[in-house]
Amino acid sequence: MRHNKKFNHLGRKTAHRNSMLANMACSLIQHKRIATTTAKAKALRKFVEPLITKSKEDSTNSRRVVFAELQNKEAVTELFREISQKVANRPGGYTRILRTGFRQGDAAEMCIIELVDYNENMLKETSAKKATRTRRSKKAVEAAPVVEAPATEAAE
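Under this note's numbering, think of the first position of the sequence shown as 38, with each following residue one higher.
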């Protein structure tokens with residue numbers, strides 16, 4: 038029975054899949070954005086987000102755990118120095134998947150996976166939206182009296 042064994046094998050053996058995800062995670066950490074297929078991006082998201090969460094606490098043990106997964110000293114240093122500082126206040130959801138269409142050769146669905154806090158274009162849009170948006174409670178709307186024009190003014 039295959040109870041609770043639900044993850045994408047990506048058509049690879051375990052060792053190949055683990056090394057591929059580790060290489061993709063290192064590339065994502067170093068370049069902040071990579072282009073890949075949607076299936077690989079979804080598998081990479083499950084792989085890299087716990088590592089980013091682990092990097093928020095800069096201890097020897099967390100560095101060893103992350104290095105055991107990535108096997109890349111430069112990527113671990115980048116993750117603990119820069120990325121963990123940017124995502125310190127974020128409770129999760131460190132990556133974003135943007136679909137880009139289909140690959141010409143085999144029609145595989147392609148996408149871009151990126152770190153959320155490093156896309157300047159999206160950060161500008163969200164800050165502009167937050168500045169112009171106002172919230173009004175229902176109590177304030179109900180409390181405001183509705184003024185109707187007198188019948189004499191309406192006739193003119």
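In short, the hints are calculated from the structure, not lab data.
Warning: the hint list may mix true and false statements.
Okay, derived cross-link-like pairs now, BS3-like style, lysine-lysine, Cα gap no bigger than 25 Å in a straight line [as the list claims (entries may be wrong)]:
no.: 1; residue 1: Lys43; residue 2: Lys110
no.: 2; residue 1: Lys93; residue 2: Lys42
no.: 3; residue 1: Lys77; residue 2: Lys91
no.: 4; residue 1: Lys79; residue 2: Lys69
no.: 5; residue 1: Lys83; residue 2: Lys43
no.: 6; residue 1: Lys50; residue 2: Lys77
no.: 7; residue 1: Lys79; residue 2: Lys50
no.: 8; residue 1: Lys93; residue 2: Lys69
no.: 9; residue 1: Lys83; residue 2: Lys110
no.: 10; residue 1: Lys42; residue 2: Lys69
no.: 11; residue 1: Lys93; residue 2: Lys50
no.: 12; residue 1: Lys50; residue 2: Lys83
no.: 13; residue 1: Lys83; residue 2: Lys42
Outcome of the hint check:
Among the hinted pairs, Lys43 with Lys110 is inconsistent with the structure: their alpha-carbon atoms are about 31 Å apart, more than 25 Å. At most 25 Å may separate the alpha-carbon atoms for a hinted pair to count; Lys93 and Lys42 exceed this at roughly 29 Å. Restraint check for Lys77 and Lys91: satisfied, since their Cα atoms lie roughly 22 Å apart, inside the 25 Å limit. For the hint linking Lys79 to Lys69, the alpha-carbon distance of about 16 Å falls within 25 Å, and the restraint holds.
Taking the CA atoms of Lys83 and Lys43, the gap is about 12 Å. The hint holds against a cut of 25 Å. Proposed proximity of Lys50 and Lys77 is supported: the alpha carbons are some 14 Å apart, at most 25 Å. With a C-alpha separation of about 18 Å, the suggested pairing of Lys79 with Lys50 holds against the 25 Å cut-off. Between Lys93 and Lys69, the direct Cα distance comes to roughly 17 Å. Compliance with the 25 Å bound is thereby established for this hinted pair.
Only pairs whose Cα atoms come within 25 Å are accepted, and Lys83 paired with Lys110 is accepted, the gap being roughly 21 Å. Simply put, Lys42 and Lys69 have alpha-carbon atoms about 30 Å apart, too far for the 25 Å limit, and the pair is violated. At roughly 31 Å between alpha-carbon atoms, Lys93 and Lys50 are farther apart than 25 Å, so this suggested pair is violated. At roughly 18 Å between alpha-carbon atoms, Lys50 and Lys83 fall within 25 Å of each other, so this suggested pair holds.
Distance restraint check for Lys83 and Lys42: the Cα-Cα separation of roughly 14 Å lies within the 25 Å cut-off, and the hinted pair is therefore satisfied.
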